[in-house]
Amino acid sequence: MRIVRAECTYRMLIYGEAHLRAVLRTYAGHYNGHGPHQSRRQRPPDHDEMVVVPLDAPVQRRWILGGMINEYHRAA
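Residue numbering for the sequence shown follows numbering that gives the first Met the number 0, starting at 0 and increasing by one per position.
The set of hints was computed from the structure by calculation and includes no laboratory data. Everything numeric in this text was worked out from a predicted model, so none of it was measured. We put the beta carbon where it would ideally sit given N, CA and C, even for glycine. Possibly wrong hints are sitting among the right ones.
For each label pair, taking beta carbons as the anchor points, the in silico distance ranges come out as [to be verified]:
(1) Q59 - G15: 31 to 39 Å
(2) R4 - P57: 29 to 37 Å
(3) R20 - P43: 17 to 25 Å
All chains, full assembly: derive it from the sequences and hints.
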């Protein structure tokens with residue numbers, strides 16, 4: 000819970016329960032799908048060791064929660 004508060008809800012103005020639920024759903028998707036975890040050697044939970052990422056492809060940024068969080072990935 001502390002990381003959600005520090006990285007998400009303390010930086011936003013929440014406009015009600017429905018908005019809070021939408022923000023938490025989006026943040027949980029980012030944290031569980033893209034965020035690095037120390038226990039997994041800085042890899043996200045959905046990281047597939049068998050997938051080879053081409054290092055010569057350009058990097059693209061995707062804004063999460065209006066730009067509060069940025070996700071970076073290689074373009075296909």
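Hints, one by one, checked against the model:
The hint said 31 to 39 Å for the Cβ distance between Q59 and G15, and at roughly 33 Å that hint holds. Roughly 34 Å separates the CB atoms of R4 and P57, a value that falls within the hinted 29 to 37 Å. A beta carbon spacing of about 23 Å between R20 and P43 agrees with the range 17 to 25 Å that was offered as a hint.
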